[in-house]
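Enquirer: For the protein sequence lines, the chains are A and B, in the order given. Counting from 1 along the first sequence, just add 976 to a position and that's the residue number in this note's numbering. Counting from 1 along the second sequence, just add 20 to a position and that's the residue number in this note's numbering.
Keep in mind the hints are simulated off the structure, nothing from the lab. Hints may contain errors.
Within a straight-line C-alpha distance of at most 27 Å, the following computed DSS-like cross-link-like pairs (lysine-lysine) qualify [claimed, not checked]: (1) 1305(A) / 1072(A); (2) 1200(A) / 1169(A); (3) 1006(A) / 1304(A); (4) 1133(A) / 1199(A); (5) 1199(A) / 255(B); (6) 1038(A) / 1072(A); (7) 1133(A) / 255(B); (8) 64(B) / 1192(A); (9) 1200(A) / 64(B); (10) 245(B) / 1200(A); (11) 1199(A) / 253(B); (12) 1169(A) / 245(B); (13) 245(B) / 255(B); (14) 1133(A) / 1156(A); (15) 1199(A) / 64(B); (16) 1199(A) / 245(B); (17) 1169(A) / 255(B); (18) 524(B) / 1156(A).
To be clear about the criterion: a stretch of chain B counts as covered by chain A if any three or more of its residues have a C-beta under 8 Å from a C-beta of chain A, and this derived list gives those stretches [claimed, not checked]: (19) 140–152; (20) 347–361; (21) 366–377; (22) 381–388; (23) 391–399.
These numbers come from a predicted model, not from an experiment. Glycine residues also receive a C-beta, built at the ideal position from the N, C-alpha and C atoms.
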Amino acid sequence: MSIKKHVKLGLSALALSVSMHSVAAEDPIKVGILHSLSGTMAISETVLKDTVEMLIEQQNEKGGVLGRELEAVVVDPASDWPLFAEKARELLAQEKVDVIFGNWTSVSRKSVLPVVEELNGLLFYPVQYEGEESSENVFYTGAAPNQQAIPAVNYLKDEIGVERWVLAGTDYVYPRTTNKILETYLMDQGVAKEDIMINYTPFGHSDWQNIVSDIKRFGSAGKKTAVVSTINGDANVPFYRELGNQGISASDIPVVAFSVGEQELSGIDTGPLVGHLAAWNYFMSVDSDANWDFIDQWIEYTGDEEAVTNDPMEAHYIGFNMYIEAVKKAGTTDVDEVKDAIIGVAVPNLTGGYATMMPNHHITKPVLIGEIQDNGQFATVWETPSTVAGDAWSDFLPGSRDMIADWRKPMFCGTFNTATGKCGASAGEMAAEAE
Amino acid sequence: MSILRSLTLLLIALASVLALPAHAQDDDPGKEMLANLAEAPASKVEEALNVIVNSGDPRARSWLEAYGNNRLSRVKDTGQVVVVLDNRGRDWEIADPLTGENLGEMSRRELDRVAINNAIRGQLEGILAMLDLNAADPEVREASARDMMGKVDATLVEPLEARLEQEENADVRNRIEAALAVYRVGEGDLEAVEVLAGSLHPGARAALNNAASGDNPQLAAAATKALTSIEQKLKMNRAAETLYFGLSMGSVLVLAAIGLAITFGVMGVINMAHGELIMLGAYTTWGMQQMLPGQPGLALLLSIPAGFLVAALAGIAIERSVIQYLKGRPLETLLATFGISLILQQLVRTVISPQNRTVVTPEWMSGSIMVNEALSLTLNRMYVIGFALVVFAGLMLIMRKTRLGLEVRAVTQNRAMARSMGIKATRVDILTFALGSGVAGLAGVALSQITNVGPNLGQNYIIDSFMVVVFGGVGSLWGTLVAGLSLGTINQLLEPWAGAVLAKIMVLVMIILFIQKRPKGLFPQKGRAAEN
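Input sequences plus hints: build the corresponding full structure.
Expert: Dropping the structure here:
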């Protein structure tokens, strides 16, 4: 495999150098966009498609990269997980795209993994996720648990003095893994087991009466209580509504959410939610020139004065610029060379700092805690003093403590076990096996 | 723009100089107090707040409220503290906190919010409640005394005691005493435990719990005793609460299913697009609120007939274009209507937006009625329960007392015979389907107050609706009512100890077992009609 790859590399390099001047100028760089435009996930993913299209348009106005134009290739995987794999194959094998920006849910990413590894593609994944993964072909521009969940819990513990914890989530892999990490972390910090309440609900759950009244009861035991919510998407609206109706205010029992952003809030009457928290790496309200400019461009692009921006959009902004920088650095769009070049690339983020691509294919991010305001925006109340590097393998899960990922040679492995000194199966192989 | 702004600023300054005594503008103590608050680092905020509270300035309350609502901002260039009146969009409307003068719009880029966090907001609520204790209305005083529970700290004890001396209203006195007792229990006061003994307020329980696990043995014993008596009372309340939850979940199920009970139960049409008809009703509510901005209550009331009409018309369109050609072919009807449901969903996504829409809950529907400290019944749910019963009664009336009802029953029982008696079966089909669809639209109007209004709204209810209709007995409206309410209650009874996911599964298994025993559901149809 690796010899073949090298030969291929050599050949393509040769071909490139020969035809560089004649072909390169005309051939556009193809950017695949793999976001659901229909089905349940369309609510979150359509804006990401628009974001990448806007970024491509802007880059083309600047003259493209390496003198080549960029061209978007949009497909619709329709919120159907197996279809994601099919569409990814279509993008890589038929359309021959140079890079893909896409996916939202972890399931869809796991379904795409074997394909991008097999066809040696590049995928930029913009959403916060549960970690425990690092693929040679995937760049994780969203937050890993140590860039969102752990700092948020620290904030509640140290700044608000929370001693009792409700971990509430939707019943699927991201909340379950995150809550497992948080539970271990909290117990390491000396929180007793009876001070942690864990609750899972189905997707789209709308009847929160019992759970909210449980939380109320749990919170009246005399210790400061907070809810750490990994409740996904739609289910949040009735949850917050029930909190408001049962009279739980943010100063009684604050809720810190990991999946509620500006986009979700735009579908809620935020009056009763004021003061509840969210942890992200970007808020639309962040006061930096880069951010205000980005928002102005976004409003102009969408033609909607009320258009909001959110964290995954910033992740695509960072990922896109990193890709452009890496292509410039490598001088080619060849996948293997871009992969090598991108490690260490630093580009400005929207919060006034820089994001750097780490050797484990995760990036550095600041962690912000924001309070919901009555205009559907967050007001930052706390942030980490410096950026935090994403951790592919959590230190708080038994199996993953010894694992590291480093895609620089000579290690070049996403699942290196420091205890045994061996490199495990690739992320794509693991995902394929799990199916 | 900036010239204009400075001009208005100048004018306002002039006007206020003219209006007020000459020293008011620059020497206004409020200016310095607000600047202090705006500049204070986190550790000094409390001090700055206290200065404002103790100043006795009549504007203090409005400043504190603005601060608590994240509405206090500083203009980056000049450092002037302003109140943000409207913080939507790119330009925000601001006002001078000192004079209350409107300063026009300013770009949000140029404003710097005066930061507040939850800890300070908690204190602020205490302070505001303290200010409210001086209100003339005893109800306001009682509510604010109630808010003080658990928020009393060392600085508030003295003013609160002074307030207690003056207070004449017995209810307010009790509240203040309880709030003080919560603080005193924390300080180890044995007598205060007595005060809290009967209280169901979570704050009281929290204080007692802390005392019970504290290191003062005498206090711990007294607190434990008080807690057991409270627990007893709580149990009763919890049972009542669960029943209410069950009824409210049940009424949602009834609403969602009752339209289906007509189209599926009475007509025998498996309409997979039923959920999307509900969705149309919910979107009608949203549309109404868009058309009548600022009057969410009126819009909601008007959506009841409008939602019915929109869904009924959509129902007629579906019936005329597809279902009438598939009579007697249930499998094909199922597939065709499933296709329609997907089309309707995507239509909403493309035409309106894939994002959820905000439907505002009117003032009179939000919040809850407090029976006692531990039992409060949420108002929106209460309205939905009432609405479900009204819709049910209305449908019963139509089916039993009107000519349409008679014809529907005749056509269902024996189509050929009814036709030979001169009933236009096709017309009855259309009207029945329109009625069932319209009721689905009504369900949508109600659901817009409980759940998300988005393209996926219908999907979440379609399975549950079929479950209720099958469980209740196909063709029986009473069955739907009883089945809906009992499934809701069973679900809520199971949820606390099984969890939401497992409770749902258990209910489903139960229904399957029940259907094995009684394939025709709770209220099977009797007589000749039941044979075919």
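Enquirer: State for each hint whether it applies.
Expert: Status of the hints after comparison with the structure:
Among the hinted pairs, residue 1305(A) with residue 1072(A) is consistent with the structure: their alpha-carbon atoms are about 22 Å apart, no more than 27 Å. With a C-alpha separation of about 16 Å, the suggested pairing of residue 1200(A) with residue 1169(A) holds against the 27 Å cut-off. At roughly 15 Å between alpha-carbon atoms, residue 1006(A) and residue 1304(A) fall within 27 Å of each other, so this suggested pair holds. Only pairs whose Cα atoms come within 27 Å are accepted, and residue 1133(A) paired with residue 1199(A) is accepted, the gap being roughly 12 Å.
Straight-line distance between C-alpha atoms of residue 1199(A) and residue 255(B) comes to about 21 Å, which keeps the hinted pair within the 27 Å bound. Distance restraint check for residue 1038(A) and residue 1072(A): the Cα-Cα separation of roughly 24 Å lies within the 27 Å cut-off, and the hinted pair is therefore satisfied. Among the hinted pairs, residue 1133(A) with residue 255(B) is inconsistent with the structure: their alpha-carbon atoms are about 32 Å apart, more than 27 Å. Only pairs whose Cα atoms come within 27 Å are accepted, and residue 64(B) paired with residue 1192(A) is rejected, the gap being roughly 32 Å.
A C-alpha spacing of about 23 Å is found between residue 1200(A) and residue 64(B), which places the hinted pair at or below 27 Å, so the restraint holds. With a C-alpha separation of about 23 Å, the suggested pairing of residue 245(B) with residue 1200(A) holds against the 27 Å cut-off. For the suggested pair residue 1199(A) and residue 253(B), the alpha carbons sit about 22 Å apart, so the restraint of at most 27 Å is met. Taken as a hint, the residue 1169(A) and residue 245(B) pair is honoured in the structure, with Cα atoms around 25 Å apart against an allowance of 27 Å.
Simply put, residue 245(B) and residue 255(B) have alpha-carbon atoms about 16 Å apart, close enough for the 27 Å limit, and the pair holds. A C-alpha spacing of about 18 Å is found between residue 1133(A) and residue 1156(A), which places the hinted pair at or below 27 Å, so the restraint holds. Distance hint between residue 1199(A) and residue 64(B) is fulfilled; the C-alpha atoms sit about 26 Å from each other, no more than 27 Å. A C-alpha spacing of about 20 Å is found between residue 1199(A) and residue 245(B), which places the hinted pair at or below 27 Å, so the restraint holds.
Proximity of residue 1169(A) to residue 255(B) is assessed by CA-CA distance (about 24 Å); at most 27 Å being required, the pair is judged to hold. Taken as a hint, the residue 524(B) and residue 1156(A) pair is honoured in the structure, with Cα atoms around 24 Å apart against an allowance of 27 Å. Only when three residues or more bring their CB closer than 8 Å to a CB of chain A does the claim for the segment 140–152 of chain B stand; here the count is 3, and the claim holds. Against chain A, the segment 347–361 of chain B contributes 0 residues with a C-beta closer than 8 Å to a partner C-beta. That does not satisfy the three-residue criterion, and the hint is violated.
Beta-carbon proximity to chain A at under 8 Å applies to 6 residues in the segment 366–377 of chain B; the threshold of 3 is reached and the given coverage holds. With a threshold of 8 Å between beta carbons, the proposed coverage of the segment 381–388 of chain B by chain A holds, since 4 of its residues qualify and at least three are required. Using a Cβ-Cβ cut-off of 8 Å, 3 residues of the segment 391–399 of chain B lie near chain A, which meets the minimum of three, so the contact claim holds.
Checked against the numbered hints given earlier, the structure breaks hints 7, 8, 20 and satisfies all the rest.
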